[in-house]
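The whole structure should be built from the sequences, with the hints applied where relevant.
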Amino acid sequence: MSDQKVASSLKDIDSVRTMIKRAKFNDHLFGMIGLLCITLILITLLILFMDLVIDGFPQLTNWDFYSNFPSRRAARAGLLSALVGSSLVMLVTFVSAVPIGVGAAIYLEEYAPKNWFTEIIEVNVTNLAAVPSIIYGLLALGLFVYTFDFGNSILTAGLTLGLLILPIVIVATRESIRAIPVAIREAAYAVGATKGQVVGQHVVKYSAGGILTGVIIGMARAIGETAPVITIGALTFIAFLPEAPISTTPPFLNFEWLTSSFTVLPIQMFSWLSRPSSAFHVNAAAAGAIIILVTLLMNAVAIKMRYNIRKKIKWQ
Amino acid sequence: MQTKFIKALATAAVIAAAFGAQSSYAGQRVIKIDGSSTVYPISEAVAEEFQNETKTRVTVGISGTGGGFKKFCRGETDISDASRPIKQKEIDQCKAAGIQFIEIPVAFDALTVVINPKNDFAKTMTVADLKKIWEPAAQGKLKTWKSINPAWPDQKLALFGPGADSGTFDYFTEAVVGKSKSSRGDFTASEDDNVLVKGVAGDEGGLGYFGYAYYEENKDILTAVAVKKDAASKGVLPSKEAIEDGTYTPLARPIFIYVNATRAAFDPKLKAFVDYYLAKSKPLIEEVKYVPLPTSEQAAVVAHWKALKPGSGFGGKAQVGVKMSDILKNIK
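Protein sequences appear in the order of chains A and B. Those letters in the first sequence? Residues 1 to 316, per my numbering, in order. Those letters in the second sequence? Residues 1 to 332, per my numbering, in order.
Fair warning: there could be bad hints in the mix.
Here's a subset of chain B near chain A, in silico, CB distances under 7 Å, partners left out [claimed, not checked]:
hint: 1; residue: 45
hint: 2; residue: 47
hint: 3; residue: 57
hint: 4; residue: 59
hint: 5; residue: 61
hint: 6; residue: 62
hint: 7; residue: 120
hint: 8; residue: 124
hint: 9; residue: 125
hint: 10; residue: 192
hint: 11; residue: 213
hint: 12; residue: 214
hint: 13; residue: 217
hint: 14; residue: 220
Footprint (simulated), chain B over chain A, 3 or more residues, beta carbon under 8 Å [unchecked claim]:
hint: 15; segment: 70 to 82
hint: 16; segment: 266 to 279
Keep in mind the hints are simulated off the structure, nothing from the lab. Note that beta-carbon positions come from the ideal geometry of N, C-alpha and C, so glycine has one too.
Structure representation (structure tokens):
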């Protein structure tokens with residue numbers, strides 16, 4: 001090898017080295033920017049949450065706050081009717097949105113022919129997810145309250161929020177169905193499974209984690225919604241609970257609670273916030289902290305369940 | 001599988017037990033109230049006490065005066081809270097649905113004009129000054145305190161007031177400008193009075209108006225303006241006494257409940273509730289910072305309720321500075 005050649009190849013190696021160095025530096029830089037972004041988001045959330053917790057601390061640590069009805073006296077006012085109202089509304093939302101949403105997604109993904117009509121449906125489902133929630137409230141006021149005559153009831157609120165989260169459930173379900181490897185279906189077909197068996201025993205089963213995440217994220221959105229629930233006529237002062245859905249005497253189940261009037265957490269918070277007395281603002285902060293906590297808890301449950309389901313699935 | 005089922009059963013039992021305490025209320029008639037957020041604190045207080053004493057269920061919602069009447073005239077509610085008299089359009093709606101109502105003034109609210117505590121020159125203002133500030137002609141033109149009164153400094157004026165859907169807005173414009181809903185549009189409007197409080201408290205040139213309760217709770221960060229009916233009269237600060245002796249005009253406004261007349265006549269529970277409202281609300285009204293009707297007026301209102309006379313004495317529009325007993329006499 002001539003000296004000239006050695007020199008040029010050394011030069012090449014040097015330039016490659018500096019190139020690698022620069023690329024590594026860029027990698028680090030990008031990583032740092034990403035880290036900065038996530039810390040910024042986390043800090044914002046943390047400050048918001050801590051602010052609410054600190055402001056609402058006297059009430060958050062007061063057991064009566066959770067077991068009292070609303071009252072004109074801030075110290076005696078509690079969240080009970082709102083907690084029960086929100087839970088029952090969420091129950092109706094869950095029962096109405098999940099079967100329809102998951103069913104629709106399975107149909108669109110597995111059975112629907114691909115033509116312009118299903119194309120339009122798909123675009124519209126995605127668009128529905130972006131419709132402002134007040135529009136759902138107005139629709140529900142006309143449809144459920146007046147046309148179907150369900151009144152200002154838990155049933156109306158649950159169905160309204162069900163409609164609201166339907167697109168979220170459908171989109172999430174489709175995404176997770178799509179993530180199932182084609183090999184799984186082919187293997188199932190290869191051993192003679194029918195379409196129903198493939199969908200039921202494999203596709204849906206394996207995508208259950210993703211579906212669940214979508215459902216719970218949808219529910220977490222629904223629990224914080226105020227506008228549509230106010231539109232359909234949720235109350236502010238209600239000092240009794242709906243009939244219990246489950247009773248100790250036959251027939252054990254009772255559906256009277258569906259027609260009961262109600263209030264929900266965000267409305268109670270809003271009403272306390274608009275009071276003149278600053279003592280009520282403590283209650284509002286406490287209610288806000290609880291809404292965030294419930295949302296975080298629901299998300300945590302979703303993550304845990306998805307993890308558990310994924311762990312169970314063995315594809316080897 | 002079996003443990004899951006047992007877990008579900010256990011959860012169910014816990015929920016059932018939690019609800020169990022409530023079963024004594026089963027299948028009762030519920031008295032439904034909805035409407036103005038201004039009247040809400042009174043109705044809520046009365047509902048709370050009445051439910052504690054009689055175990056009759058009462059619910060109260062906030063849909064605003066107009067929204068409340070919409071529900072009331074559909075027969076969805078028994079009582080409508082209102083921070084202004086019922087309008088002709090609403091009377092017609094009720095009539096079309098075959099719903100008759102009894103008009104009951106329950107208390108007075110002192111609309112309070114407030115300024116920033118640092119403002120020491122405008123502590124007394126005439127109604128004419130207020131009109132000059134708020135009339136539609138002032139829009140975009142009247143921007144400083146100096147242009148209201150040449151003796152005042154050349155400071156920027158920052159206005160805060162309730163939104164156009166509010167009964168407070170309706171009454172203030174009627175009382176000050178002379179025509180309901182006639183106001184300049186270039187002010188910071190909010191349906192949440194706490195936003196107005198923060199606005200005026202945070203701006204040295206701020207001026208705003210809202211119900212007395214919000215001033216009472218924020219006395220340390222706001223100054224109330226003494227209102228002069230005309231240049232010759234004395235400035236009057238909002239207070240219980242000034243409302244009772246009638247000197248706080250024109251900003252003392254009556255607030256009402258409207259009761260479904262047919263149901264009041266045939267439903268003993270609703271009747272008992274309104275009786276209770278009129279008999280026991282005085283301390284509750286004071287507790288939530290409103291002013292009860294003077295004793296003589298209260299007697300006239302009770303007599304009017306006992307006679308179950310339907311209709312409105314206002315002729316479909318707000319009237320400023322009138323006695324409630326005179327208004328009720330208009331109902332034939």
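Hints breached by this structure: Per hint list: 7, 8, 9 and 14 violated.
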